[in-house]
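J.: Chains as they are written, first to last, in the numbering used here: chain A, 1 to 791; chain B, 792 to 1009.
Read the hints as simulated data drawn from the structure, not as lab findings.
We put the beta carbon where it would ideally sit given N, CA and C, even for glycine.
Misleading hints may appear alongside valid ones.
[Said to hold, decoys possible] One side of the interface only, derived from the structure: several residues of chain B facing chain A at Cβ under 10 Å:
id, residue
1, Asn836
2, Ala839
3, Ile844
4, Ala851
5, Ala853
6, Tyr856
[Said to hold, decoys possible] Cross-link-like lysine-lysine pairs, in silico, DSS-like; alpha carbons within 30 Å at most:
id, chain 1, residue 1, chain 2, residue 2
7, B, Lys862, A, Lys145
8, A, Lys649, A, Lys633
9, A, Lys150, B, Lys862
10, A, Lys31, A, Lys410
11, B, Lys811, A, Lys410
12, B, Lys811, B, Lys862
13, A, Lys440, A, Lys410
14, B, Lys811, A, Lys431
15, A, Lys31, A, Lys73
16, A, Lys410, A, Lys431
17, A, Lys349, A, Lys649
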Amino acid sequence: MTITSDAGSDLTPQVEMVTVVVDGVAIEIPKGTLVIRAAELLGIEIPRFCDHPLLEPVAACRMCLVDIEGVPKPQPACAQVVSEGMQVRTQLTSPVARDAQEGVMEFLLLNHPLDCPVCDKGGECPLQNQAMTAGRPESRFDEVKRTFPKPINVSAQILLDRERCVSCARCTRFAEQIAGDPMLELLERGANQQVGTAVDQPFDSYFSGNTVQICPVGALTSAAYRFRSRPFDLVSVPTTCEHCASGCSLRTDHRRGTVTRRLAWDEPAVNEEWNCDKGRFAFTYQEQGRVTTPLIREDGQLRVASWPEALDFAARGLSAASSHGVLVGGRSTVEDSYAYARFARVALKTDNIDFRVRDSSDEEAQFLRSAVAGTAVRTTYETLEQAPVVLLIAFEPEDESPIVFLRLRKAARGGTRVYAVGPVATRGLAKLSGTLIPAKPGAEPAVLAELAEQVRAELQAPGAVIMVGERIAGIQGGATAVLQLAQATGAALTWVPRRAGERGALDAGALAGLLPGGRPLTEDSARAAVAAAWGVDSLPATVGLAGAELLAAARDGAIGALITGGVELGDLADQSLGRAGLEAAGFVVALENHHSAITELADVVFPVAVVTEKAGTFMNWEGRPRPFAQTFKDALVMSDAVVLGMLAKAMNIAVGASDVAGIRQELGALGAWTGPRAERPNVPAGPVAEGAHLVATWRALIDNGVMQEGEPYLAATAHLVAATVSATTAGALGNPESVTVTGPLGSVTVPLEIGAVIDGVVCLPLNSPGCVLYRDLGVRSGQAVTIKGAL
Amino acid sequence: MTISAETRDQLRELAARYPKSRSALLPMLHLVQSVDDEVTSEGINVCAEILGITSAEVTAVATFYTMYKRKPVGKHHIGVCTNTLCGLLGGDAVYSALSERLGIGHNEPSADGQFWLEHIECQAACTHAPVMTVDWEYMDDVTPASAVAVVDRLARGEQVESTRGPVIRDFQATEHTLAFPLDGLVNDGVAVDAKMLVGLRLANERGMSAASIPAGDA
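Bound conformation, chain A alone (with noise of 0.2 Å):
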């Protein structure tokens, strides 16, 4: 991957530097420059609590007062801007700075508890640190410290220990300026200041655990880690973020083969600092209910068997099918896909290879296998942040995707413009300060083809952007209409999956018609050089069945046998199919880290690695890859590739290399593809439903996610599972408090809120606690459904 900039040098804006002395040392920065950020620049360490460079400057917490001369009283350098010969003079060589530093420690300490034997920051407490280094030995204070009853919940996860706060408004300000969720916020005034929520309105933000990150003092703690370990007795790894296209840093934290909890981790250019709360604290999933060793079915049971006896068991299913396919759920590494799709094409001798186990289309594939897989990276987290205007399509950043939503903003503070085509105007959208183009489900590529002319004129701008989401396969017509628009305005389009395999999955060539580096399988040049590489005469030359095809001919007998890694049935909109395809097929190979449905209906179950068991690469929806190291060295479960490999090799085949090293190494060496791509799709517009409440739906971050498991803390931080209509909608309705809605195969009873919301459409969360809809009601996106008061 090559990050291309097209930017020229001429427009690198001029910056006027200044020159100005800390401590003596004289340093040209550019001006407008924080004397704290000069200082650190110099390798001068002022004390801090409040400061953080991704927030605005506060000056609330005094810790980092310098003597500045001409100025008659010290001044707060995290505030303070620099000019053409400022003179600062820090608590290394001004005894008036140290002075007013340790006045400033010694008022923080008042009330302070000084409980750090028994407080979780202990350890890493920039208080407790920079007491040391900045206070005063001894306390001269013997007076009755304020308490506060502690803890008290500011959410089901987020704790407030408040006599250990100091008022820093870290927390806060996050809360507003970065997440856009001010449900946090400083209360009551003077020594009775404290960080607090409304009395029924917890801080129920999907970025709430950041707070107890930054929290310069032990005043915030998470549920989930609260008093289960010391932070010097962890071991530290920097990881990947399994749970979305975001890509975020991490760093993983554990103890004794345990993990004890995950931090975001600094990756400015993807990150920054941030992470979301599904990233932060759901990873209990890692350890329950696990395959652990392999399994084969006899007489209809499933019972362990030994690796060899599996394999040999697996080997010979496998060869004596005469037709296969392969399911790669969205959530494989990098090197896993590829090994699917290698093993497909070299073992298998089939195209038949999908990893969109989830609502997918014909038009979907061909989208992607031309205008997505093996492209260079165009659009990144950063020419997001400065693009004049962005328009978002079938997705919902927020609940799909939250570290963009971030950064988009990140970017609305600052100027760009966002757009949403669709049936509601999210909350997520609000704090973007958007602008709804309202479509409803299944009417978005007329609503494209008709763009008001200000839109398109917008979007001719250079660095504009188009984002679309993964629900775009659910809507016909509609990744045909986005080409169009992208190719008529000359945005850049962005196609943002939701999982976190999904993007490198398709580089590795797991789908049909597709080889590793978006080559296309129909053209000769690319087929023959992948083959020399994998070391075949030839490849499969006909495109293979894919999505819902494929799983029809399993249901229809043409499938042999199948390959199923990560799959989850749940994920299907039409699951009787994906269940029928399952029972029909005559062989099933599952390789999975947790028992689920599909363990239930194969013929042989291997155990295979979750992230903290292996290394590899997640590719960010940037195109970017994010490689990672595996937390637990001495882990024994196997990754999905090496499973293969030694899957084919019980089956006599060479396959080429199944470790993490060599895979990227022969990924490396085929390099992406230059060559002529695929033909776009070109598919006319779907009818919109009839029917006078149509679905609108997707995933909340926080819902019933498999991967959400074992967390009850996070859990309780969702957002409310309810059906939200327009006010003319409630209104006909009768404005009930709750409403039941009833598709195809059944209803759920819901509440029932009024939101900025089309008349005629419903939006239902897809997979939450009491509202599962593919399975519930057996409708998708766009399909009608009734709706009636509940009693």
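Starting from the known structure of chain A, arrange chain B on it as the hints suggest.
T.: Positioned in the frame of chain A, the structure of chain B alone reads:
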């Protein structure tokens, strides 16, 4: 208590008065107190909904300013200035006498729901120190005995007037005036009396005036 549709309309009317509706929050909270006798959680939520901000943001304001109360005030709010000047001139004694008479301390309601007592900060009435307020109307030059007498009369339901003229109504009525000051009562009573202007008179007699403001320092 619930916020009625009429009150909601009035809250919207206040919000519409400002270029940035959020500026209306202070009078809106006074209006909530005028109907609920306190800033209720419901009142906070309604203000937040009307202004399009979060309830936490409203709570921050409602808890920062001391004129907003998070529990029912009762019929009358009694304030005694105990800042330096009033305190030294008898304010502390007035406060103690009232506290004893009512059986309550700072920021507490009386058991019968009639009174709320509060140490208050400077009311800009030092000329008439010590100063007490009843439902934010001035009671100038009070003594412990006169202050207790005011409370006794209020307790008996008698009509009481501010030393500056206006008839004491009750806390909620005053809160309504604070939300909608143009209710015709603004000129009730004496705004300025001779005692307040002694300094000005002396300055005029002696030809004293303030130094002129240097040009460019406006």
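J.: Now look at each hint and say whether the structure bears it out.
T.: Hints and how they fare:
1. Asn836: Since chain A brings a Cβ to about 7 Å from Asn836(B), closer than 10 Å, the hint holds.
2. Ala839: 8 Å, holds
3. Ile844: 7 Å, holds
4. Ala851: 4 Å, holds
5. Ala853: 9 Å, holds
6. Tyr856: Interface hint status for Tyr856(B): holds (8 Å vs cutoff 10 Å).
7. Lys862(B) / Lys145(A): Holds, because 26 Å separates the two Cα atoms, which is no more than 30 Å.
8. Lys649(A) / Lys633(A): Roughly 25 Å between the alpha carbons, so the hint for Lys649(A) and Lys633(A) holds.
9. Lys150(A) / Lys862(B): 22 Å, holds
10. Lys31(A) / Lys410(A): 22 Å, holds
11. Lys811(B) / Lys410(A): 23 Å, holds
12. Lys811(B) / Lys862(B): 29 Å, holds
13. Lys440(A) / Lys410(A): Satisfied, since the Cα-Cα distance of roughly 29 Å is no more than 30 Å.
14. Lys811(B) / Lys431(A): Roughly 18 Å separates the two Cα atoms, so the pair holds.
15. Lys31(A) / Lys73(A): The hint holds at about 22 Å.
16. Lys410(A) / Lys431(A): With a Cα-Cα distance of about 10 Å, the restraint between Lys410(A) and Lys431(A) holds, given a limit of 30 Å.
17. Lys349(A) / Lys649(A): 15 Å, holds
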